[in-house]
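Protein chains: 2
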Amino acid sequence: MDAAEFRRRGKEMVDLIADYLENIEQRPVYPDVEPGYLRSLIPEEAPEEPETYEDVVKDIERVIMPGVTHWHSPYFYAYFPTANSFPAMLADMLSGAIGCIGFSWGTASEATLVALLAARSRAVRMILASDPQRPETDITSKLVAYSSDQAHCSVERAGMIAGVRMKKIPTEQSDKYAVQGETLRRMIQEDKAAGLIPFYFCATLGTTPSCAFDHITELGPICNAEKIWMHIDAAYAGSSFICPEFRPLLNGIEFADSFNFNPHKWLLVNFDCSTMWVRKRSDLIGAFKMDPLYLKHDHQESGRYFDITFSCYSQSIRFRSLKMWFVFRMYGLKGLQDYIRKHVELAKEFESLVRADQRFEISADVVLGLVCFRLKGSNEVNETLLKRINNGRKIHLVPCQLSGQFVLRFAVCARTTESRHIREAWRLITQLAEEVMQELPN
Amino acid sequence: MDAAEFRRRGKEMVDLIADYLENIEQRPVYPDVEPGYLRSLIPEEAPEEPETYEDVVKDIERVIMPGVTHWHSPYFYAYFPTANSFPAMLADMLSGAIGCIGFSWGTASEATLVALLAARSRAVRMILASDPQRPETDITSKLVAYSSDQAHCSVERAGMIAGVRMKKIPTEQSDKYAVQGETLRRMIQEDKAAGLIPFYFCATLGTTPSCAFDHITELGPICNAEKIWMHIDAAYAGSSFICPEFRPLLNGIEFADSFNFNPHKWLLVNFDCSTMWVRKRSDLIGAFKMDPLYLKHDHQESGRYFDITFSCYSQSIRFRSLKMWFVFRMYGLKGLQDYIRKHVELAKEFESLVRADQRFEISADVVLGLVCFRLKGSNEVNETLLKRINNGRKIHLVPCQLSGQFVLRFAVCARTTESRHIREAWRLITQLAEEVMQELPN
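So the protein sequences, as listed, match chains A and B.
According to our numbering, the residues represented by the first sequence are 205 to 646, in order.
According to our numbering, the residues represented by the second sequence are 205 to 646, in order.
Worth flagging that the hints you see were computed from the coordinates, not collected in a lab.
Quick caveat, the model's predicted, so the values are computed rather than measured.
A few of these clues could be false.
Same chains, same label: a pair holds when it works inside one copy or across any pair of copies.
Claimed, not checked - Here are the simulated BS3-like pairs of lysine-lysine, each with C-alpha atoms no more than 30 Å apart in a straight line: (1) Lys580 <-> Lys546; (2) Lys431 <-> Lys598; (3) Lys346 <-> Lys372; (4) Lys262 <-> Lys215; (5) Lys538 <-> Lys262; (6) Lys598 <-> Lys484; (7) Lys346 <-> Lys371; (8) Lys380 <-> Lys431; (9) Lys346 <-> Lys396; (10) Lys538 <-> Lys371; (11) Lys598 <-> Lys546; (12) Lys580 <-> Lys396; (13) Lys346 <-> Lys431; (14) Lys598 <-> Lys552.
Chain A on its own, in the form it takes in the complex (with noise of 0.2 Å):
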């Protein structure tokens, strides 16, 4: 293919591409195959000679779209938004005509391993200092990290990865889920008194079982007086932070070592774009640094530039600050808070039909595009009705678990979720929800 015909089959694309947005809630939200379904769709090898780009177009719907899950479909609620906005993919597409190796971020999971591993440096650092003989396997054994036991998953493996200590603390439903200061106090106390080393705390804000904000107006000064690192992963709630009514719930963030969150996410700004401060950039180039000859170059001691391959561990990462800047540019601050508070309020219009319902429950409160509900009655009824949400395909949920009860998640996630699909959801949910209850009554 040369420049000319990727002229003519990239505008192809962009009609297809538009015509697929455009009739994105005709299709079924979630695929109807059995892992493996591909492979008989597709030959054992790549093909000898080159084929026409009309058969590899054809085959989009045949073999590819009947195993997407449409993320972007007004009837996916499920997990967290993902973006997606014309804008973004304009730059995406400029991105990768450009194609050079360039500097930002991975994703959150990755921003909470890399916080880690510079408070893993840092703290033996400290401890090395004041006692310079003491082996550093010796202190890395004694090092314990925090998070709160609504943290996400990849906090945990963090710590494997890292191969430290981490422990989870336990929030409660009466504190919202939220860490509370007196617990961190406690275990961080507990810990020192059987020899353990305190060295960092993942703080969320916006969990991701029920959108709870952990206390870092509380836990940030406890943190900064035992020289623990506090990173605080705000992944889908830090894109609500740009709409000043949100703002007080980042009070507390001048406590932070290291703050993460996903535009990606929330902030029409498409997969993959993760973006992270630290408070101090050298305790970042000390945990990654590396200077191999083919790699220098003339502006790398002089303060005005940062090599972000320093400061995580990915040696080649794409342009992705491109698509935010066409994002912020063509809707601007404007256009993203009432972006915002659209799927807020979308989510607040579902919070007051649930309520309005006497046989469901909502269980965490409602502060953003989360709601948290389920039916009144046992863990199997409410498990049995997400069963039949999904299994019918018009809309898409996943559950968590909040004090041991089994929970529905119900996430404001396309760009283009109206009224009509929130209110078409719940019609879908209460009908589904009439049968599963003559079905097993409590």
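For this one, chain A is given, so just place chain B on it according to the hints.
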């Protein structure tokens, strides 16, 4: 921007991209700006109101392009190639539109780390099986990993992240900078005698400095016998193995526990796209598995399903396989083989130009698309030559160090590089060499 405007703007963007790529060689390959140049060109804050798309597009040339290194210019000979092809771009457009959170791999650096973590976890399990009382921290503090002194810097970084000892195996010019079986065997014996536990060896096929190939037919059996995980990093060279004539370079692969190469380097699949094979997938899953309720689904235990996020540290991954699929189909194996062969031929052409000039020498065997060369003489004269070459901004090269010598790396990178570009590059290099040698007689 609605779908209707996206149809219009998308088509303009397709033309902009085609124009950019068709005329890329008219641009200076390397930017002539200082770090921070962008700060004065962009506002301090995101715009309050949306801007027009025209304004954004105008700024591509004004703001972005002056800072871009044009990796796809036929005058780019630095690092290794980063792939770029029209089918891959089309697929990436579609992938952005579908925007689902898919499954695939990050980069070779990540593969190295993932393999190291899996190896660490396997080693700990094996030792605990025979000595269940031994503290895990005692085991990890004794672990030792190996790689060539020619291995990519990310291998060393992987050791830092995993918190394990990483030893560099010395290589010699006389052995073509390849790790020899005998050297590894001796280091293992010494380390075991000192109470250490060898557990991981990262072999490289096609090193970054000189495209050297470690002798895996010798090294593999040693690793297998010692229960050392052998990971093979073939980030660049891996693409060439689609040609039968380069397949012998892969001999010994049967001893590997894991293998990685980057289609985004040399297989026409746009960045990023890196693939990894592992002998026993349970070794990976064991190192990373997490099971929160919101990620549970019906197929998890079916055996037909492999959740790749159980085996790497990012939770969310882009739908990268789509662009491999487009590229394999649109080029066919033959087209891809032709592409690899052409680059190797161009490298051989450059090599013969160098060899024909008595003032220069070739510093390492030319096996694939990389030519390592230098002026006979001091490191200083070669450093000056390289600086002069890159300051000219017509072509771009990076250096490496081989046996203490400062060496210039000429890597055939761009999809559009032709013989005339190679000859023009050589003319430029010899002309600058002339100048440098007059100023700095050796």
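Task: Hints breached by this structure - done: 2, 6, 10 and 12
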